[in-house]
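Peer 1: Sequence:
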Amino acid sequence: MKNKAMKNIKSIKSIIEDESGKFVKEYREYNNLGKEIIKESYLEENKIEERIITNYNDNGLISEEINYGENNELNTKTTFYYNENNKINKIIVEFADGSKTIKSYLYDNNSKTITVTEKSDENEFEGKEKITLNDNGNIIEHQTLSEEDTIKEQVNYEFDEEGNILNEVNRNNSEITSKTKFYYNDNKNLTKRVISNAKGETIDWAIFKYDEKGNITEQLFGDHTLYKIENNENNKPIVEQKINAMGVIEYFKKYEYNSSGDLIKEEDLSETTIFEYTYF
Numbered sequence: 001m002k003n004k005a006m007k008n009i010k011s012i013k014s015i016i017e018d019e020s021g022k023f024v025k026e027y028r029e030y031n032n033l034g035k036e037i038i039k040e041s042y043l044e045e046n047k048i049e050e051r052i053i054t055n056y057n058d059n060g061l062i063s064e065e066i067n068y069g070e071n072n073e074l075n076t077k078t079t080f081y082y083n084e085n086n087k088i089n090k091i092i093v094e095f096a097d098g099s100k101t102i103k104s105y106l107y108d109n110n111s112k113t114i115t116v117t118e119k120s121d122e123n124e125f126e127g128k129e130k131i132t133l134n135d136n137g138n139i140i141e142h143q144t145l146s147e148e149d150t151i152k153e154q155v156n157y158e159f160d161e162e163g164n165i166l167n168e169v170n171r172n173n174s175e176i177t178s179k180t181k182f183y184y185n186d187n188k189n190l191t192k193r194v195i196s197n198a199k200g201e202t203i204d205w206a207i208f209k210y211d212e213k214g215n216i217t218e219q220l221f222g223d224h225t226l227y228k229i230e231n232n233e234n235n236k237p238i239v240e241q242k243i244n245a246m247g248v249i250e251y252f253k254k255y256e257y258n259s260s261g262d263l264i265k266e267e268d269l270s271e272t273t274i275f276e277y278t279y280f
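Position 209 of the sequence shown, counted from 1, bears residue number 209 in my numbering, the numbering being contiguous throughout.
Take the hints with a grain of salt, since some may be wrong.
Unchecked claim - Below, simulated EDC-like cross-link-like pairs (lysine to aspartate or glutamate); rule was C-alpha separation at most 16 Å, straight line:
(1) 242 <-> 218
(2) 130 <-> 149
(3) 100 <-> 126
(4) 253 <-> 218
(5) 87 <-> 70
(6) 22 <-> 44
(7) 181 <-> 201
(8) 253 <-> 240
(9) 13 <-> 26
It should be emphasised that the hints constitute simulated quantities derived from the structure, not laboratory data.
My request is simple: use the sequences and hints to build the entire structure.
Peer 2: Spelled out as structure tokens, the structure:
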């Protein structure tokens with residue numbers, strides 16, 4: 001739920017109202033740089049389902065993330081370490097039972113190739129992946145590797161000069177499993193996505209439509225799901241519908257905003273969500 005005014009927001013409280021009453025569903029708090037420092041999710045009034053505390057270093061990078069569950073019990077504590085170029089080089093995840101997972105990052109080819117190795121605190125292999133970037137920082141290849149460096153899964157991506165994805169090819173044990181092609185209009189808005197199997201047969205597709213301002217107005221997924229979106233003069237969605245293949249509206253949502261453009265109300269057929277803000 002980020003927007004242009006997010007840098008001024010100190011906290012957001014989401015309040016659910018339905019037939020049974022109302023309660024706080026979620027609370028988020030930000031620092032003065034617009035970075036999230038607290039996120040709380042509630043099952044019901046005053047009963048926390050999850051609480052995440054995020055800390056940052058002097059460079060504004062995440063240094064620690066602590067995840068608590070119900071009854072304020074620790075789920076995980078994740079610590080992030082960086083090299084002299086502010087690139088992540090190690091992540092340590094500590095679990096409630098005291099065990100740890102350690103992710104190590106190795107950079108090659110002027111940081112265009114990144115190998116991530118995941119092991120337990122007892123040095124047991126848990127996973128490995130290799131990521132290759134192009135000159136613009138886009139991922140052009142992602143490999144999932146075995147402990148012996150055998151390629152288990154591989155995804156290749158192709159981009160245009162402006163960084164828009166054109167093709168995606170998925171492989172499993174070197175065999176192609178699917179291909180996805182992306183199509184754009186003259187304004188570089190995505191207009192169509194087509195997924196085909198190894199034989200070249202179309203297995204899924206989606207079509208996207210926009211208004212004259214470039215706001216998305218329709219998303220059609222195959223012949224089964226249509227999303228219709230109406231936007232206001234500030235290019236923000238005010239009505240959203242999901243319609244199934246039978247023409248039945250599965251959900252209908254309305255959105256309202258304050259003068260700063262922040263979402264203050266989300267209403268559907270069963271409940272209303274109110275968003276309350278504090279600002280710096």
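Peer 1: Has the given pair, residue 181 with residue 201, been kept, meaning a C-alpha gap of at most 16 Å?
Peer 2: Cα-Cα ~13 Å, so holds.
Peer 1: Has the given pair, residue 253 with residue 240, been kept, meaning a C-alpha gap of at most 16 Å?
Peer 2: 5 Å, holds
Peer 1: With the threshold set at 16 Å, check whether the alpha-carbon distance from residue 242 to residue 218 stays at or below it.
Peer 2: Within the cut-off at roughly 10 Å; holds.
Peer 1: What's the verdict on residue 13 and residue 26, does the C-alpha distance respect the 16 Å limit or exceed it?
Peer 2: 6 Å, holds
Peer 1: Is the Cα-Cα distance between residue 130 and residue 149 16 Å or less?
Peer 2: It holds: about 10 Å lies between the C-alpha atoms, which stays within 16 Å.
Peer 1: Does the structure keep residue 87 and residue 70 at a Cα separation of 16 Å or less?
Peer 2: 33 Å, violated
Peer 1: Given the hinted pair residue 22 and residue 44, is their Cα-Cα distance within 16 Å?
Peer 2: Holds. Residue 22 to residue 44 sits at ~9 Å (cutoff 16 Å).
Peer 1: Mind checking the alpha carbons of residue 253 and residue 218 for me, to see if they're no more than 16 Å apart?
Peer 2: 14 Å, holds
Peer 1: Check the hint pairing residue 100 with residue 126 against an upper bound of 16 Å on the C-alpha distance.
Peer 2: Roughly 11 Å between the alpha carbons, so the hint for residue 100 and residue 126 holds.
Comparing the model with each numbered hint stated earlier shows that hint 5 is the single one that does not hold.
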